[in-house]
Structure formats: C-alpha cells, structure tokens
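J.: Below are the chains, spelled out letter by letter.
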Amino acid sequence: MSSVTATGTEMRSYYGRPVIKEPTWTWEIPTYFFTGGLAGASSVLSTSARLAGNEKLARTALYLGAAADLVSPALLISDLGRPERFHHMLRVVKATSPMNVGSWVLLVSGGASGTAALLELAGRLKPVKVLAGAVATLAGPALATYTGVLVADTAVPAWHEARRELPWIFAASAAASAGAAASVFVHPREAGPARRLAVAGVLAEGALMQAMELRLGKLGEVYRQGGAARFSWAAKGLGAAGAALLARRGRKSRAAAVLGGTLVCAGELCLRWTVFKAGFQSARDPKYVIESQRQRVERGGTKATTKPDTT
Amino acid sequence: MSVLEQTSVHPDGWESYGDEQQERVGFFTDTSVCIGCKACEVACKEWNLIPADGGAWTGESYDHTSHLGANTWRHVAFVEQEKPLVGLLEAPAAKPPAPGDKTALPSAAPGGNGGTALRWLMESDVCKHCTHAACLDVCPTGALFRTEFGTVVVQQDICNGCGYCVPACPFGVLDKRHLAPAPDLPAFAKEDGRVWKCTLCYDRLKGGHEPACAKACPTKSIQFGPLDELRERADARLEKLSAEGWNGAQLYGRDPEDGVGGFGAFFLLLDDPEVYGLPPDPVVTTRDLPQMWTNMLAAAGALLVGVAAAFVGGRS
Numbered sequence: 228m229s230s231v232t233a234t235g236t237e238m239r240s241y242y243g244r245p246v247i248k249e250p251t252w253t254w255e256i257p258t259y260f261f262t263g264g265l266a267g268a269s270s271v272l273s274t275s276a277r278l279a280g281n282e283k284l285a286r287t288a289l290y291l292g293a294a295a296d297l298v299s300p301a302l303l304i305s306d307l308g309r310p311e312r313f314h315h316m317l318r319v320v321k322a323t324s325p326m327n328v329g330s331w332v333l334l335v336s337g338g339a340s341g342t343a344a345l346l347e348l349a350g351r352l353k354p355v356k357v358l359a360g361a362v363a364t365l366a367g368p369a370l371a372t373y374t375g376v377l378v379a380d381t382a383v384p385a386w387h388e389a390r391r392e393l394p395w396i397f398a399a400s401a402a403a404s405a406g407a408a409a410s411v412f413v414h415p416r417e418a419g420p421a422r423r424l425a426v427a428g429v430l431a432e433g434a435l436m437q438a439m440e441l442r443l444g445k446l447g448e449v450y451r452q453g454g455a456a457r458f459s460w461a462a463k464g465l466g467a468a469g470a471a472l473l474a475r476r477g478r479k480s481r482a483a484a485v486l487g488g489t490l491v492c493a494g495e496l497c498l499r500w501t502v503f504k505a506g507f508q509s510a511r512d513p514k515y516v517i518e519s520q521r522q523r524v525e526r527g528g529t530k531a532t533t534k535p536d537t538t
Numbered sequence: 021m022s023v024l025e026q027t028s029v030h031p032d033g034w035e036s037y038g039d040e041q042q043e044r045v046g047f048f049t050d051t052s053v054c055i056g057c058k059a060c061e062v063a064c065k066e067w068n069l070i071p072a073d074g075g076a077w078t079g080e081s082y083d084h085t086s087h088l089g090a091n092t093w094r095h096v097a098f099v100e101q102e103k104p105l106v107g108l109l110e111a112p113a114a115k116p117p118a119p120g121d122k123t124a125l126p127s128a129a130p131g132g133n134g135g136t137a138l139r140w141l142m143e144s145d146v147c148k149h150c151t152h153a154a155c156l157d158v159c160p161t162g163a164l165f166r167t168e169f170g171t172v173v174v175q176q177d178i179c180n181g182c183g184y185c186v187p188a189c190p191f192g193v194l195d196k197r198h199l200a201p202a203p204d205l206p207a208f209a210k211e212d213g214r215v216w217k218c219t220l221c222y223d224r225l226k227g228g229h230e231p232a233c234a235k236a237c238p239t240k241s242i243q244f245g246p247l248d249e250l251r252e253r254a255d256a257r258l259e260k261l262s263a264e265g266w267n268g269a270q271l272y273g274r275d276p277e278d279g280v281g282g283f284g285a286f287f288l289l290l291d292d293p294e295v296y297g298l299p300p301d302p303v304v305t306t307r308d309l310p311q312m313w314t315n316m317l318a319a320a321g322a323l324l325v326g327v328a329a330a331f332v333g334g335r336s
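As they're listed, the protein sequences go chains A and B.
Each residue of the first sequence is one higher than the last, beginning at 228 in my numbering.
Each residue of the second sequence is one higher than the last, beginning at 21 in my numbering.
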C-alpha cells in the first residue's frame, strides 16, 4: 500500500489549476448577508424594546428591519442567472439545502416584519401586528444565522472548515448591525440598549473571528490575504472606531451616535466581505483543497482510492 | 433527517422510482488505455449541443479545455512525467535490474533508455454522478435530481442559476454557462445564466443507447454499463496492471465507502488523483449538515438572548 509516487512532501496538482470551482456569486450576496443579518436582529431588537417599554426604539427597529427585509430578496433575485425564475426557490421544501430553507425563512421573516411595519404605520389591527411581530422575532435569529450554514455547506475550505464559528460570527455581526443602525436613527436618550448591543456585537465578533482563524491553522491565512485581508482590516478599524465612539460619546452627542452607528454598520458590511473573499481565495488556490485532504489520507487513509494489494 | 444519512450505498432518491427504477449505470474510465484523442469531448459536444469553448493554447501538454465546466462535460487531462510507465521508479537507468526483482519486467526499461523514461498520462474526466451528491443536496429548486438510472441531472427548465451547486461540488464539475455575445445568433443572444453539467446522456439512456462519449471512445478507455459489472471489470484490470508492474495504478471512486458513497463514474488512474486535478479525499459537504443546523440553532438562540440582555441593567 505504500505510495510509489510520492516524492517528498511537495504538493502536486494539475498545472496549479483549482480543484473546485469558485462560487459564481457577485456583490449582491455579501451585501445580503449584511441586510439579512440587520433585518433579523432588528426584529428581535424591536420586540425586546417593546417589551421593555421603549416605544421609540421599538418602532425604529421595526422599520429598519422591514426595510432590510425588503431589500434582501431584491439583492438575491438580482444575483440569479435567471431572475424571472426566483419563485422556483419555493417549489420544494428541502432541509438538505440551506438556500431553500433560507428562502422560506426570508419569506416568513420578510412577510411578518413587513406586515407589522405597515400596521404600525397605519396604526390599525393591533392583534395582527403583535402576532406578525412575534413571528418576525422568531424567524429573525434564523435569518441572521442561516447564511453561516449556507456558505459552510460547500466544498470551499475557508467556509466548510469554519462551519463551527460562522453562524456565531454572523449572529454577533447581525447584533452589532441592528444596534448600530438603531443608534443612528433613535435619540441617544432612548438608544442605550441599541448602543450596548452594537458594542457587544463588535467585541464578540472580533473575538470569534480571531478564534476561528487560530483554529483553522494554516488555512486561517486566507482570511489575512489579498482582498479578504483588506476587508478584514477595514472591518476591524471601522468596527472599533464606531464602537468606541458609541461607547464613549454616544450617550451625550447625537452626532457621535450617528457617526458611530454608521461606522459600525460599514464595518459589519466589510466583515461579510472578508468571509466572502476568503472563501473565493481558498477555492482558487488548489493547495487549500489538496493539502488538507492529502493530510487526511496520510493520517487515516482514504477509501476514495483503491491501490493494488501488495501483500 | 433520514435524507442526510450517509450509510446507504444506494444513491439518495434512486429507490423512490418504484417500478420505474432501472439498474444503476455509470462509467469506468480506464486511463491506462486512453490515447488522448478527445473523441469523447467532441462526441459529447455534438450530441448535447454544447457551445464552443476552450481552444486556447494553454501550454499544458495537449490540454486545451483545462477543466470541466458548463461547456465542457468531458475533459481530457494530459500529464507529462519523467518516469517509466512500468517498472522501477527511482532506478538509475545504468544499473541493470537486480535478478529476481519482479518490478523490473522486460518492458520496464524500454530500450534501456538511460533515465530518460517518459510517460504521458491522459485521463478523460467527467461528472462523477456521486452516490451522495452535494450538488443535488444543496440545489434549492429541485432542478438537480436523481434519475431512475441512479445518475444526477440538471432540469434546465427549473434551474434559476442560483449557483449553489457550483462551490458545493467537491470536484468542481458544475458551472454557470456564460456565452460570448452573438447578436447574429438569436438563440445565443441572451446570457444563459443556468448551470450545466454531464447528464450521462439521459436522453440516450432513455432510448436504450450508451452515452455519446463511451460510444465514440476508440480504445474502450471509457466503458459504460451497470455499475456493479464495471466495478468487477475494474478490479480485474487493476489486478492485471499491478501484476505487470504499472506504476501508480489505482482505482479512484470505486469504493462505496468513500466520502461521497462511491462514484457513479469512477476511474483507473496511474498516479495520485491530485496529479490529474482531482481531490484525493472528496467528501459530500452535506455530511456535516445536521451538526451545522444544530450549531446554527444554538447561535440563533444566543442572538435572541443576547439582544434581550441589552435591555437588562445599564443606564438608558
């Protein structure tokens, strides 16, 4: 069973060409990861604020969530190769396809938060509004986190190997986005919980990203290379600056709150781009696909190849 | 989540056909007899009406299509190596084979060519029609389906070009079709936007014919038939090549216990898979999906609690 062809530890490939295909997704997808997270977490923020008696924050978060819920499907449909067939997503219910599950979650979440927002504007049918708000609150966290599963459920090394952390990173990023967006539009007096959420989200997401890169070992380097690195630095810089501004001056100064909230939102968008770009980079370079699999083979063998019985 | 169980060696969904279920068929591509003529590439294009692509001078031996994709469903890989096809690998050519060394067959040193032994590997690559197919699992529209023959096919009237199957495939088989703008050809005036791949000539199978590539192959490098029979044939072939001392001979995707449950189209290679651009240990990504869903629910719950916690304590 000894490998007759292995010459040293140098990786071999077919003219350095990729083994797997890069995704075909374009800018709409990372943007949607941001808007979907914003929508999902805003629905939860709105309901929490209402329960805490903070009507101003509740209403603003509801509108922000509904707006993000409205933009999200538009982004997704625009990325399709055949946009006019978008409704084919809903012709089946399929637990093995995170994209199919996500389409249903987005439909429920968007429908519910849209209904709640319209009824809030109109000031009518309060029971229906409360019910719709409750549905959006339950669907929201799923909407904010399923995208982590969506990218992890591929053969892309930087995504699949990060499957443990990605939903948590996306959850933290969504919390930060929702808190920051609300801080922009709500008077600092009423925006305390939103600011705390934004700061906590930024901190949690930074720690989780760091932990993920460490756990990934050598593969973690794709998150620190090329386009991913540029977005990563931008995400860290914008997030830290925005969070610091919100924490230190956000309570007193409206201008600081607006600026801080905007910076954090921009940082969260960059974070989604970091993950997006890292995936492409790890798919493009065959070493990330081959080396980890080859190591697996050397460690425990593989059933993918059957070598002649030399005994 | 029984659909996610990976224990069965039967293709997911195949048995749901009941009376219409057919014997599972596939390809055994024996690269040891491939001559790199690309008749398979051409026959595939002609039968399936695939638009032109490739044709570039890559400088990578005789390869000019480089990889499988939306417009290349058979791809012939060419690898040039400085090692003999049969016999001693690292032997200094000047040294005569030791007596009794069974790896040094008479054909091992063709003409005793003094260390310049060259072998030219060719392999006709194709969609593997996996037993557990990631593309099929992740397809959100149901456009990808399991046929009654156990193969995996894209329904072109359903596919909306979401592209999820493209990075899900551990072999990089599928891709979205892009066409050069051709205003004078109305059929190709618009971007296609859908995902395409080998159908194992589903239409020909329905008509009782073998796929176009297998039909066109002049050396029987591409063999079509019932999968069980092909596996037996492949085992016998591997045994023969091994007895003759061929270097690196190995079957790829033959074992139903591998990461994708065995390939419907498997190979006999003469070197490790990665040398041909194939993954050495492919795994169907959805194998980990149950844990991923559980993990996601935990993260979603944490988000719910975390947001609520922002309202507890603290100054407003």
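There could be a bad hint or two in this list.
What the hints assert, rightly or not - Straight-line C-alpha distance at most 27 Å; calculated DSS-like pairs for lysine-lysine:
hint	chain 1	residue 1	chain 2	residue 2
1	B	Lys240	A	Lys530
2	A	Lys514	B	Lys103
3	A	Lys283	A	Lys356
4	A	Lys514	A	Lys283
5	B	Lys240	B	Lys260
6	A	Lys514	A	Lys530
7	B	Lys226	A	Lys534
8	B	Lys240	A	Lys534
9	B	Lys260	A	Lys530
10	B	Lys103	A	Lys534
11	A	Lys514	A	Lys534
12	B	Lys226	B	Lys240
These are calculated hints, taken from the structure and not from any lab test.
J.: Run every hint past the structure and note whether it holds.
T.: Hint check results:
no.	hint	result
1	Lys240(B) - Lys530(A)	holds (25 Å)
2	Lys514(A) - Lys103(B)	holds (24 Å)
3	Lys283(A) - Lys356(A)	holds (16 Å)
4	Lys514(A) - Lys283(A)	violated (53 Å)
5	Lys240(B) - Lys260(B)	holds (16 Å)
6	Lys514(A) - Lys530(A)	holds (21 Å)
7	Lys226(B) - Lys534(A)	violated (35 Å)
8	Lys240(B) - Lys534(A)	holds (22 Å)
9	Lys260(B) - Lys530(A)	holds (21 Å)
10	Lys103(B) - Lys534(A)	holds (19 Å)
11	Lys514(A) - Lys534(A)	holds (23 Å)
12	Lys226(B) - Lys240(B)	holds (22 Å)
Against the hints set out earlier in the document, violations occur for numbers 4 and 7.
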